[in-house]
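Asks: The primary structure of each chain is shown beneath.
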Amino acid sequence: MSTNDNPPEEPMGSELPPHEEPARPAGPAAAGGGAQPEKPGAPARSGRQRLVEAVWPPRVSRAQLIVALLLFVLGLGLAIQVRSNSDSSALRGARQEDLVRILDELDGRTKRLEDEKQRLEDQRKELESSSNQAEEARRQTVEKERQLGILAGTVAAQGPGIVLKITDPTGQVQSDQLLDTLQELRAAGAEAIQVNGVRVVASSFFSDEGGGIGIDGKKITQPYEFKVIGKPQDLEPALNIPGGVVQTLEKEQATVAVTRPAKIVVDALRAAKQPDYARSSSS
Amino acid sequence: MIAVLGLVAGVVVGLLVRPEVPAVVEPYLPIAVVAALDAVFGGLRAMLDGIFVDKVFVVSFLSNVVVAALIVFLGDKLGVGSQLSTGVVVVLGIRIFSNAAAIRRHVFRA
Numbered sequence: 001m002s003t004n005d006n007p008p009e010e011p012m013g014s015e016l017p018p019h020e021e022p023a024r025p026a027g028p029a030a031a032g033g034g035a036q037p038e039k040p041g042a043p044a045r046s047g048r049q050r051l052v053e054a055v056w057p058p059r060v061s062r063a064q065l066i067v068a069l070l071l072f073v074l075g076l077g078l079a080i081q082v083r084s085n086s087d088s089s090a091l092r093g094a095r096q097e098d099l100v101r102i103l104d105e106l107d108g109r110t111k112r113l114e115d116e117k118q119r120l121e122d123q124r125k126e127l128e129s130s131s132n133q134a135e136e137a138r139r140q141t142v143e144k145e146r147q148l149g150i151l152a153g154t155v156a157a158q159g160p161g162i163v164l165k166i167t168d169p170t171g172q173v174q175s176d177q178l179l180d181t182l183q184e185l186r187a188a189g190a191e192a193i194q195v196n197g198v199r200v201v202a203s204s205f206f207s208d209e210g211g212g213i214g215i216d217g218k219k220i221t222q223p224y225e226f227k228v229i230g231k232p233q234d235l236e237p238a239l240n241i242p243g244g245v246v247q248t249l250e251k252e253q254a255t256v257a258v259t260r261p262a263k264i265v266v267d268a269l270r271a272a273k274q275p276d277y278a279r280s281s282s283s
Numbered sequence: 001m002i003a004v005l006g007l008v009a010g011v012v013v014g015l016l017v018r019p020e021v022p023a024v025v026e027p028y029l030p031i032a033v034v035a036a037l038d039a040v041f042g043g044l045r046a047m048l049d050g051i052f053v054d055k056v057f058v059v060s061f062l063s064n065v066v067v068a069a070l071i072v073f074l075g076d077k078l079g080v081g082s083q084l085s086t087g088v089v090v091v092l093g094i095r096i097f098s099n100a101a102a103i104r105r106h107v108f109r110a
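These protein sequence lines are chains A and B, in that order.
Residues 1 to 283 in the UniProt record's numbering are what the first sequence spells out, letter by letter.
Residues 1 to 110 in the UniProt record's numbering are what the second sequence spells out, letter by letter.
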């Protein structure tokens, strides 16, 4: 194409003037301009003059019209191409294999993103459920700790119950009688007990100290005051049964008073003791 | 003058009417436009040289467009469409530049 176009112009150039000479006179005849007659007379014009002549007095000739038609087509194509390139991105006019490749890439990308989304959603679900489980487990643990704390005496307790006050002016009451009292209360369903500010738990023991009574090695003096949390309707009759705790104590010249306050607070505490040898076997 | 008006009219119509190009022709349009530009520059140069013939211009314009489209079509069929169209654009670009240089020599005498 490149060798086809330029060389013809050179040979044409040599044979053109004969063609052009007859053509030029025809032009002036058609246009009838006054400037035309000087053309044949001045063949050695510069390119610039030719350009000006071609552009300015507009002449309607077959050549001009054909060239105008071709240039119209060119301008049309140019405008279409520029427009399609600028507005609907690079996809317009892309080749088929490029489009297939782009589509493939998009499909792969979509799939990858879908997978990632699925994975992240699963992870989120898992985290949510595990955090729910952890929360539930924590709640249960706290609840259990509270219950066990009441039994072990590490937390304070409050609730309905009775207060048992034993006044023993003659000092006849021995530790075994207090122990009997305690057993009776436990049998009647006492849940938290303290005696004169000492919390009574599973490992508590009574002992006779010189002139008094000790609980867990701590000496207490009369009046002995039992604060008991439990069902008062069970506790009080259990103490008052014939031949029971109250009668036995009164036999020793002691005075026993049982009262039922609306609310008992057992606030004597005991440090939690880590067992030295016993270990949980459940894990 | 009429020719310049034709070019302007073409651009305006193309921008305003926004014609739909058939999908078959679409890949060849850019190359065809570049080829036509080459023919136009060649024609302008011939005019400045004083050897412009409308028949030559018409034939070179049409053959440029057809051959360029043909080359791209062939390249597509052979699977080297993009490389071949790049080559065509390079060749046409060189020709446009050399024609533009000749035109410049005529117009500015430099």
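Wrong hints could be hidden among the right ones.
Subject to a maximum C-alpha distance of 16 Å in a straight line, what follows is the list of computed EDC-like cross-link-like pairs (lysine to aspartate or glutamate) [unchecked claim]:
# : chain 1 : residue 1 : chain 2 : residue 2
1 : A       : 219       : A       : 208
2 : A       : 165       : A       : 250
3 : B       : 77        : A       : 184
4 : A       : 273       : A       : 97
5 : A       : 165       : A       : 184
6 : B       : 77        : A       : 97
So, partial list: chain A residues that the calculated Cβ filter (under 8 Å) puts toward chain B [said to hold, decoys possible]:
#  : residue
7  : 51
8  : 52
9  : 68
10 : 76
11 : 201
Read the hints as simulated data drawn from the structure, not as lab findings.
Just so it is clear, CB atoms sit at the ideal spot from N, CA and C, and this is done for glycine as well.
Asks: Against this structure, judge whether each hint is valid.
Replies: Hint-by-hint comparison with the structure:
For a cut-off of 16 Å, the pair hint linking residue 219 of chain A to residue 208 of chain A stands: about 9 Å separates their Cα positions. About 12 Å separates the Cα atoms of residue 165 of chain A and residue 250 of chain A, which keeps this hinted pair within 16 Å; it holds. Taken as a hint, the residue 77 of chain B and residue 184 of chain A pair is broken in the structure, with Cα atoms around 106 Å apart against an allowance of 16 Å. A distance of roughly 80 Å separates the Cα atoms of residue 273 of chain A and residue 97 of chain A; the hinted pair therefore is violated under the 16 Å criterion.
For the hint linking residue 165 of chain A to residue 184 of chain A, the alpha-carbon distance of about 15 Å falls within 16 Å, and the restraint holds. Restraint check: the Cα-Cα separation between residue 77 of chain B and residue 97 of chain A comes to about 11 Å, which is no more than 16 Å; the hinted pair holds. Here the hint on residue 51 of chain A is kept, as its CB sits about 6 Å from the closest CB of chain B, short of 8 Å. A cut of 8 Å between beta carbons decides the hint on residue 52 of chain A: the least distance to chain B is about 10 Å, and the hint is violated.
A hinted interface residue such as residue 68 of chain A counts as satisfied when its beta carbon comes closer than 8 Å to some beta carbon of chain B; here the least separation is about 3 Å, so the hint holds. A least Cβ separation of about 4 Å between residue 76 of chain A and chain B falls short of the 8 Å threshold, and the interface hint therefore holds. Annotation: residue 201 of chain A was flagged as interfacial toward chain B, and the flag is violated, the nearest CB pair being 90 Å apart, outside 8 Å.
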